[in-house]
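Assemble chain W onto chain Z, guided by the hints.
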Amino acid sequence: MSEIAYLARRYPLGVGGAIIMTVFVFAAIFAGTVAPLDPFTTNPRASLAPPGGTYLMGADMMGRDVFSRMIHGARISLAVALGATFLGSGFGAALGLSSGYIGGWFDLIVQRIAEIMQSLPLLVMALVITASLGPSLTNTIIAIAIPLIPNVARVIRSNVLSLREMPFVEAAKATGMSEWRIAVVHVLPNTLAPLIVLATAQLGSTILTEASLSFLGLGVPEPWPSWGRMLSESAAEYVQTAPWLVIFPGLAISLVVFGTNLLGDALRDALDPRQQD
Amino acid sequence: MLSYIVRRLLLMIVTLFGVSVAIFLLLRIVPGNIADILFDSAGLIDPAEKQKIVVDLGLDKALPVQYGQWIFGLFRGDLGYSYVSEKPVIDEILPRIPITARLAGLALLFAVCTGVPLGVISAVRQNTGLDYLLRVFSLTGLSMPSFWLGLLILMFFVHYFGTIPIYDRAPATYWAWIQMLVIPAAAVGFRSSALIMRLTRSSMLEVLRQDYVRTARSKGLSERAVTFDHALRNAMLPVITTIGVETAFLMGGLIVTETVFNIPGVARFLVEAIRWRDYPMVQNLVMFIALVVVVVNLIVDLAYMFVDPRIRYGQ
Chain Z
1 MSEIAYLARR YPLGVGGAII MTVFVFAAIF AGTVAPLDPF TTNPRASLAP PGGTYLMGAD
61 MMGRDVFSRM IHGARISLAV ALGATFLGSG FGAALGLSSG YIGGWFDLIV QRIAEIMQSL
121 PLLVMALVIT ASLGPSLTNT IIAIAIPLIP NVARVIRSNV LSLREMPFVE AAKATGMSEW
181 RIAVVHVLPN TLAPLIVLAT AQLGSTILTE ASLSFLGLGV PEPWPSWGRM LSESAAEYVQ
241 TAPWLVIFPG LAISLVVFGT NLLGDALRDA LDPRQQD
Chain W
1 MLSYIVRRLL LMIVTLFGVS VAIFLLLRIV PGNIADILFD SAGLIDPAEK QKIVVDLGLD
61 KALPVQYGQW IFGLFRGDLG YSYVSEKPVI DEILPRIPIT ARLAGLALLF AVCTGVPLGV
121 ISAVRQNTGL DYLLRVFSLT GLSMPSFWLG LLILMFFVHY FGTIPIYDRA PATYWAWIQM
181 LVIPAAAVGF RSSALIMRLT RSSMLEVLRQ DYVRTARSKG LSERAVTFDH ALRNAMLPVI
241 TTIGVETAFL MGGLIVTETV FNIPGVARFL VEAIRWRDYP MVQNLVMFIA LVVVVVNLIV
301 DLAYMFVDPR IRYGQ
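From first to last, the protein sequence lines are chains Z and W. Take the first sequence: its letter number 107 is residue 107 in the working numbering, and every next letter is one higher. Take the second sequence: its letter number 223 is residue 223 in the working numbering, and every next letter is one higher.
Same shape as in the complex, but just chain Z (with noise of 0.2 Å):
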């Protein structure tokens, strides 16, 4: 209890952010029983009610709850981000460790290929790997991972060299460990800090991939209530007439990118002193 209490007080923003979060992830979570209707039922009496009675933040055209589509809209974000950030991690970390590792040419190979993937905006790779794949929730998660990878992959190597020189890594040597126990049991546990940083860092982006991917018609498909959908097919009609269907989708975006944000702030400060702002 009182660990919290220290916490609160030496990071406020983040635990901000840290309850912010709790509140999505618990809405993603138990959607179906916190939703007050049905996300796909349609009502045509109810197309483009206001916010209020029933319905909370009003209906869309085809008469479905804006509100609970938020609330199940929580989940295919939250899914398509931690599963993007996982992927894209993972595979970055792994990437870096044995570049950073190997070294010679097949770091030199990881380097130049790396660079290939950081000469392309994040949201046009995105874009052309879902049109290659086509639209799903999988591919939608792959489509935002694989353009996380070099990032990571870059981030961790630097890592590793330092670590590299460490003098317990010597150490670890002299007591004739083998290359691959000292890189999975030494140095890869000093990776972790840096790779949580990372990673928080880039739930939000990710969040913010998939709302535009949706929102220009390419990213998680129909009957998923995605946020980014949602304001897409309000955006050009309802813009004046229904204005509670662009403002409450994008409230969400906003909202829950801004607690990944104030999480990853710090976190960052928390976990890695040596990049404080």
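Note that these hints are calculated values from the structure, not bench results. Hints are supplied without guarantee of correctness; some may be wrong.
Stated by the list, open to error - Output of the computed footprint for chain Z on chain W, the stretches with three or more beta carbons under 8 Å from beta carbons of chain Z:
hint: 1; stretch: 117-126
hint: 2; stretch: 285-291
What the hints assert, rightly or not - Cβ pair distances, simulated, as ranges:
hint: 3; chain 1: W; residue 1: 29; chain 2: Z; residue 2: 29; range: 31 to 37 Å
hint: 4; chain 1: W; residue 1: 3; chain 2: Z; residue 2: 109; range: 42 to 48 Å
hint: 5; chain 1: W; residue 1: 64; chain 2: Z; residue 2: 179; range: 38 to 44 Å
hint: 6; chain 1: W; residue 1: 159; chain 2: Z; residue 2: 3; range: 46 to 52 Å
hint: 7; chain 1: Z; residue 1: 32; chain 2: W; residue 2: 237; range: 31 to 37 Å
hint: 8; chain 1: Z; residue 1: 106; chain 2: W; residue 2: 64; range: 22 to 28 Å
hint: 9; chain 1: Z; residue 1: 50; chain 2: W; residue 2: 21; range: 21 to 27 Å
Unchecked claim - Selected chain W positions facing chain Z (Cβ under 8 Å, derived; list incomplete):
hint: 10; residue: 23
hint: 11; residue: 29
hint: 12; residue: 140
hint: 13; residue: 142
hint: 14; residue: 155
hint: 15; residue: 212
hint: 16; residue: 213
hint: 17; residue: 248
hint: 18; residue: 251
hint: 19; residue: 259
hint: 20; residue: 294
hint: 21; residue: 295
hint: 22; residue: 299
Keep in mind that this is a model prediction, so the values were computed, not measured. Every residue, glycine too, gets a C-beta built ideally from N, C-alpha and C.
Coordinates of chain W only, in the frame set by chain Z:
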């Protein structure tokens, strides 16, 4: 210096070559080509007709042949023909570039003009109410999707003024031109502005702790002279690097912003080309974007060297 530039240019060519191979393969690993789409959408049924489309577009040739034709065409300035409009790709892309370039330029200008001063204020007034307000403001900027901000601005204008300046192919005056693009530019540049503000702040705080700043203060210089002449100059270095990195991000923002504001630039065109599986268009557009990113990064690195004489590459 010269050898450094030459080496960078060579690496640039390697990178662009890699991008070309990657994008070419990526567009072809999955079945379903333009012939299928045209075939389905036009309601054609005759297989012979479909075969004719495939042959006409060169889709029946082996992949290396198709790739070779594209690359050699590129060197001759021949980007091929759009599958959809059947016009030369270059004629479709070129007129759209200035539109996006102006929008991006205006957005960057907005980002720097707001981000740097606000960052300085935030740093100088560290840990005051104003600083907290500005920090939350910048974090908000980093959290909002630019297309949503665009929609909100659109909504605001339509609600309070009944209208918004819409895109016009030939605005009469410079003023009309700026009026037309300034709102989308602000919408897309807000994120960059927030990032630049955060960076300026942290970089200023770092510099303000340095000994030479204390020296400047102790020799009786005014706080203004210390902040602007001594601190800001050095604090700008990391900010310049970010501007390079931001161009890539900005490109992503432009795609959605051009869609929201219905601006016929290159960025939105990429999405349309992807929807149509217009290979020649997508390939060339992606190559163009990669070229812009790589060149901007080179320029930023070189600018860095001129701004900070301590940096000497390739020695």
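Notebook entry, point to check: Quick check: which numbered hints come out false for this structure?
Noted result: 1, 4, 7, 9, 15, 16, 21 and 22
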